[in-house]
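Given chain A, work out where chains B, C and D should sit, using these hints.
There are 4 protein chains.
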Amino acid sequence: MEINGVEIEDTFAEAFGIQVSRILVTAATKKLAKIAATEATGYGTSVIGCPAEAGIDCYVPPEETPDGRPGYIIMICNMSKKKLDHELLERVGMCVLTAATTAAFDALDDAEEKLKIGFKLKFFGDGFEKELNIDGRTVYSIPIMSGDFLVEGELGIKSGVAGGNFLVMSESQSSALIAAEAAIDAIKSVPNVITPFPGGVVASGSKVGSNKYKFLGASTNEKMCVTLKDVVEDSEIPADVNGVYEIVIDGATEEAVKEAMKIGIEAATKVPGVLKIRAVNFGGNLGAYKINLQDLF
Amino acid sequence: MEINGVEIEDTFAEAFGIQVSRILVTAATKKLAKIAATEATGYGTSVIGCPAEAGIDCYVPPEETPDGRPGYIIMICNMSKKKLDHELLERVGMCVLTAATTAAFDALDDAEEKLKIGFKLKFFGDGFEKELNIDGRTVYSIPIMSGDFLVEGELGIKSGVAGGNFLVMSESQSSALIAAEAAIDAIKSVPNVITPFPGGVVASGSKVGSNKYKFLGASTNEKMCVTLKDVVEDSEIPADVNGVYEIVIDGATEEAVKEAMKIGIEAATKVPGVLKIRAVNFGGNLGAYKINLQDLF
Amino acid sequence: MEINGVEIEDTFAEAFGIQVSRILVTAATKKLAKIAATEATGYGTSVIGCPAEAGIDCYVPPEETPDGRPGYIIMICNMSKKKLDHELLERVGMCVLTAATTAAFDALDDAEEKLKIGFKLKFFGDGFEKELNIDGRTVYSIPIMSGDFLVEGELGIKSGVAGGNFLVMSESQSSALIAAEAAIDAIKSVPNVITPFPGGVVASGSKVGSNKYKFLGASTNEKMCVTLKDVVEDSEIPADVNGVYEIVIDGATEEAVKEAMKIGIEAATKVPGVLKIRAVNFGGNLGAYKINLQDLF
Amino acid sequence: MEINGVEIEDTFAEAFGIQVSRILVTAATKKLAKIAATEATGYGTSVIGCPAEAGIDCYVPPEETPDGRPGYIIMICNMSKKKLDHELLERVGMCVLTAATTAAFDALDDAEEKLKIGFKLKFFGDGFEKELNIDGRTVYSIPIMSGDFLVEGELGIKSGVAGGNFLVMSESQSSALIAAEAAIDAIKSVPNVITPFPGGVVASGSKVGSNKYKFLGASTNEKMCVTLKDVVEDSEIPADVNGVYEIVIDGATEEAVKEAMKIGIEAATKVPGVLKIRAVNFGGNLGAYKINLQDLF
Chain A
1 MEINGVEIED
11 TFAEAFGIQV
21 SRILVTAATK
31 KLAKIAATEA
41 TGYGTSVIGC
51 PAEAGIDCYV
61 PPEETPDGRP
71 GYIIMICNMS
81 KKKLDHELLE
91 RVGMCVLTAA
101 TTAAFDALDD
111 AEEKLKIGFK
121 LKFFGDGFEK
131 ELNIDGRTVY
141 SIPIMSGDFL
151 VEGELGIKSG
161 VAGGNFLVMS
171 ESQSSALIAA
181 EAAIDAIKSV
191 PNVITPFPGG
201 VVASGSKVGS
211 NKYKFLGAST
221 NEKMCVTLKD
231 VVEDSEIPAD
241 VNGVYEIVID
251 GATEEAVKEA
261 MKIGIEAATK
271 VPGVLKIRAV
281 NFGGNLGAYK
291 INLQDLF
Chain B
1 MEINGVEIED
11 TFAEAFGIQV
21 SRILVTAATK
31 KLAKIAATEA
41 TGYGTSVIGC
51 PAEAGIDCYV
61 PPEETPDGRP
71 GYIIMICNMS
81 KKKLDHELLE
91 RVGMCVLTAA
101 TTAAFDALDD
111 AEEKLKIGFK
121 LKFFGDGFEK
131 ELNIDGRTVY
141 SIPIMSGDFL
151 VEGELGIKSG
161 VAGGNFLVMS
171 ESQSSALIAA
181 EAAIDAIKSV
191 PNVITPFPGG
201 VVASGSKVGS
211 NKYKFLGAST
221 NEKMCVTLKD
231 VVEDSEIPAD
241 VNGVYEIVID
251 GATEEAVKEA
261 MKIGIEAATK
271 VPGVLKIRAV
281 NFGGNLGAYK
291 INLQDLF
Chain C
1 MEINGVEIED
11 TFAEAFGIQV
21 SRILVTAATK
31 KLAKIAATEA
41 TGYGTSVIGC
51 PAEAGIDCYV
61 PPEETPDGRP
71 GYIIMICNMS
81 KKKLDHELLE
91 RVGMCVLTAA
101 TTAAFDALDD
111 AEEKLKIGFK
121 LKFFGDGFEK
131 ELNIDGRTVY
141 SIPIMSGDFL
151 VEGELGIKSG
161 VAGGNFLVMS
171 ESQSSALIAA
181 EAAIDAIKSV
191 PNVITPFPGG
201 VVASGSKVGS
211 NKYKFLGAST
221 NEKMCVTLKD
231 VVEDSEIPAD
241 VNGVYEIVID
251 GATEEAVKEA
261 MKIGIEAATK
271 VPGVLKIRAV
281 NFGGNLGAYK
291 INLQDLF
Chain D
1 MEINGVEIED
11 TFAEAFGIQV
21 SRILVTAATK
31 KLAKIAATEA
41 TGYGTSVIGC
51 PAEAGIDCYV
61 PPEETPDGRP
71 GYIIMICNMS
81 KKKLDHELLE
91 RVGMCVLTAA
101 TTAAFDALDD
111 AEEKLKIGFK
121 LKFFGDGFEK
131 ELNIDGRTVY
141 SIPIMSGDFL
151 VEGELGIKSG
161 VAGGNFLVMS
171 ESQSSALIAA
181 EAAIDAIKSV
191 PNVITPFPGG
201 VVASGSKVGS
211 NKYKFLGAST
221 NEKMCVTLKD
231 VVEDSEIPAD
241 VNGVYEIVID
251 GATEEAVKEA
261 MKIGIEAATK
271 VPGVLKIRAV
281 NFGGNLGAYK
291 INLQDLF
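Residue numbers (the working numbering), protein chains in the order written: chain A, 1 to 297; chain B, 1 to 297; chain C, 1 to 297; chain D, 1 to 297.
Extracted from the complex, chain A is given alone in its bound form (with noise of 0.2 Å):
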């Protein structure tokens, strides 16, 4: 199959089950959301080091959000409840509220439990925090130094799917490069989904375990390493590819995730130079969810 002249192998990205939750950081300009919006989910690519899996899904104008100002929606996810609960406490509670002029709501559709973020950072108000009511949400306002910041008593979480993928595979580096940054961008309008690593994209690929060090959980995937296609016998990197860049998608539904890896295959398949688009997976036995490439389309 080909998309904009580009072959779509035929295989399948290998996703996993982790919990997600979604809340929406507002503030007095689009600005200063962005602000504690990154900050808050910074240190967030994947769970194999980081403390949570995290990043911004998409923008909200300041008419459709609950207190009628700009906001930005961001994921954070863990395979971990508890986990979970411990990353938003602490990424609200120390890169939210500790922010400028901003408010944090719960955003997620058919959330499965919730978790009293909310209700246990209003204890930070010393007695002097309030309970109120925004458009039907239990809402604490908790004074802080430079006014009060209001946080929804609940977070939503749910059952969502994490490491929905793609491979960019392109004659040069730069060009899966672009590639890469043109399915991002494609991607961001996609609602429900994040790419957690930096910028979107991901650089390095990894096997599980190692053949030479055997303390090794993981390591790299020598036969998808551009720069040693000519040094392992069984390379996976045709001989006229010589740039690989990964797209890796969490999503609240499975749903999400595949209509952001169509849209960025779109994407990526439009820039000159694109040769090839795969997927990641382990044979198929690791993940809960297999999502064939060839039948985005």
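Hints listed in this document are in silico derivations from the structure and should not be mistaken for laboratory results.
Be careful, since some hints might not be right.
For chains that are exact copies, the list does not tell them apart, and a pair is met inside one copy or across any two.
Keeping only pairs whose Cα atoms sit at most 30 Å apart, straight-line, the calculated DSSO-like set for lysine-lysine is [unchecked claim]:
#1 K223 to K120
#2 K214 to K83
#3 K290 to K276
#4 K81 to K290
#5 K81 to K276
#6 K130 to K214
#7 K207 to K83
#8 K82 to K290
#9 K276 to K130
#10 K214 to K114
#11 K31 to K229
#12 K34 to K83
#13 K229 to K276
Note that the structure is predicted; figures quoted are calculated from it, not measured.
Just chains B, C and D, lined up with the frame of chain A:
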């Protein structure tokens, strides 16, 4: 004392010892370096709740970096050397190595100790890694999907200073906010410091413990909350003050923190509506450093 | 009338007829499209002294553009069709054609006339240009150094509205400024309008002619200057107002301008310290449009 | 000659004399200064079709500006002193004076002449303007709606150099583009120069006149178009080159232009896929300056 017509209170900022690292993250373009630097320093406002205090120190043009590419120097800090070692490994490994076209080099002067971060990360190469010498530095080249990631074998750490600070008190919240932004703009030209809070600005202040909730280690400092100035009896907010923001500075040296405080205060006092500059301390018994505001000038 | 507790004065904005164009600028990435759109719309605040009134209307994701790439819609306006024709030719030819990876398409609904901009630009191809049909549009492909530049043969123009406006009056300059920024953030979600001044905000207001210098066509409106409120006898600045900024809106239709004014005012009145919203008019005899503020709600 | 393994062709860039101005635009924050500087320098790629060549030179931190606020230095250039005078009056008057919280100061060393820009703009104050002395400069304070606008009475101009340039030739369009971006990033650290095209990069090259359309003064340089390399007989695009972008530099001095070319070439040649650096000239008879590429190193 007055600076630009604004009263500088006769008080001191109380600061603490912290272990500091300073790493140069380079990439093919300035934008790509910024993306990696931002991801690696997120979720890093205060060790009270974040796993590190982290931020971007300064930009370094390509002609001044070891690999001739544009870069940003980041600082990552923790009270504990062991935790800092963990944070460096994960923040560099998960947020810089995974980012497009990046490399990471030590950028700390007068290191007291070296942590073997690059040395440990190199095992990810599963035997395909190489040791290089660049500008007299031992650097490892690790093959990853999109190319080779370069990382210096050892990253220096030293005893630095956390929690240098000053408060901007203004007739309106907006004026305090713009003054805080102006202060941050000015502090960006001082090397060896970061302002780890979101956008460099702190919207909340806390006191040790809580009057009402005995299980809390810290709670809002009600005496410094503008919306409680007519509610609490012993409010320290003057009648004409309606906006307060704090700037918190971590630095590799006390001198750098002082320089940042001086330059930041000068910039903040240029903004119309600023009435007073003061600082946060805890009586002087908790922190190792007392920085008198008036001695800065 | 009050909105969010802020007085909306019973007055009207006086607006003028103008010829409007609306062009979609696409590129390989969102960032590259933004660069071209910004260059093409600079030096375009007011036709009083600039060769056009110009700005960025909105972002269009790749799945909604004719060439499947991300783009920004820009608007370029002038009272004179002849001058608008010149501006389109030069701004597209010098600032979009010369920019990396761009293309330009007509994006105006209900055009009253078509200007042959792409048709004229195609001669730059010196015989190597080609005529294409994309989505039913006649588009020229012009070979340039880095590839082929696509431009639609004809760009539509229509009679639109210039100078829709409102004034934010605040207790401090900083509050008025943040409120103006919040208004601009909100207006960005209204299609078919631009706010042509720097960052969307106007810091100066003028009156027709001059009392002191007879050779001047326009001079500062001293009655509306906050620093002259205690100097001129008939100042219109209330005693408690210390900050005033104006938002000026150009639109393809009167309805779009009204919607932008409404949404902008709602956002501005959310910012603490805003005391009053009014509008600029010249008695009602100069402009073709009178937009009553209170009728917006 | 090779730099970083990339061939530097033995050729020269042909550059022209131009009248140059250099103005410092300050504001309350770095962001506000950037907004004004960007608006004032838009629609300024080349005097072939734009009313000026204009761009941002560099950022100046608050402790180094006359008013202690952050600022950007912009350069505005034209072959004709009379046209430059007009452009300065309108670009400062319509795009800086109208922007929030700004001021404008002369920033040109070794001026050969002074234009009375601030002196003329002051009449907008309608008698309420004041003459101040700041740091030995004659500055006018003009009351505008939001406060007072400060502008230096005279702005210096001098004979500078336009059209310093080099071409990045790469195996792919994407590689040439990233190399051009890296070059621009590097050039940003050289004072006294601008790169006036969108994002600093030129996507199109032209020849004098046209072979097919006799009414044209300039048309595409078909010998340098990558998509015509197999179409035109005497193409100058090597078989392995598929991407070409040009960097054009205007400077206050020939030395500054040379330094920018050198630093830009060094940065561009660091990007994988770059094959060759050459320069644009017209045989050497049109321009006053011939800058040999190989002499730069």
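- prompt: How would you classify K81 and K276 at a CA-CA limit of 30 Å: within, between, both, or neither?
  reply: neither (37 Å within a copy, 45 Å between copies)
query: How do K130 and K214 come out at 30 Å by Cα distance, when the copy is not named: within, between, both, or neither?
result: So K130 and K214 pass the 30 Å test across copies only (19 Å; inside, 55 Å).
- prompt: Is it within a copy, between copies, both, or neither that the alpha carbon of K214 lies no farther than 30 Å from that of K114?
  reply: Cα proximity of K214 and K114: across copies only (26 Å, versus 41 Å in one copy).
task: Indicate which option fits the pair K207, K83 if close means a Cα-Cα distance not exceeding 30 Å: within, between, both or neither.
output: both (25 Å within a copy, 27 Å between copies)
field: Within, between, both or neither: K34, K83 at alpha-carbon 30 Å
entry: For K34 and K83, the Cα distance is within 30 Å both inside one copy (25 Å) and across copies (29 Å).
Copy assignment of K290 with K276, given that the CA separation must stay at most 30 Å: The answer is within: 20 Å in one copy meets 30 Å, while 45 Å across copies does not.
query: Is the C-alpha distance from K81 to K290 at most 30 Å within one copy, between copies, in both cases, or in neither?
result: Classified as within: same-chain Cα gap 23 Å, cross-chain 42 Å, threshold 30 Å.
field: Intra- versus inter-subunit Cα pairing at 30 Å for K31 with K229
entry: between (44 Å within a copy, 29 Å between copies)
- request: Measure nothing new, just compare the shortest in-copy and cross-copy C-alpha distances for K229 and K276 to 30 Å and report within, between, both or neither.
  value: both (16 Å within a copy, 25 Å between copies)
- prompt: 30 Å Cα cut-off: does K223 pair with K120 within a copy, between copies, both or neither?
  reply: between (48 Å within a copy, 22 Å between copies)
query: Which holds for K276 with K130 at a C-alpha limit of 30 Å: within a copy, between copies, both or neither?
result: Intra 56 Å, inter 29 Å, cutoff 30 Å: inter-copy only.
- prompt: Should K214 paired with K83 be assigned to within, between, both, or neither, using CA atoms and 30 Å as the limit?
  reply: This pair counts as both: shortest intra-copy Cα distance 28 Å, inter-copy 25 Å.
Checked against the numbered hints listed earlier, the structure breaks hint 5 alone; every other hint is satisfied.
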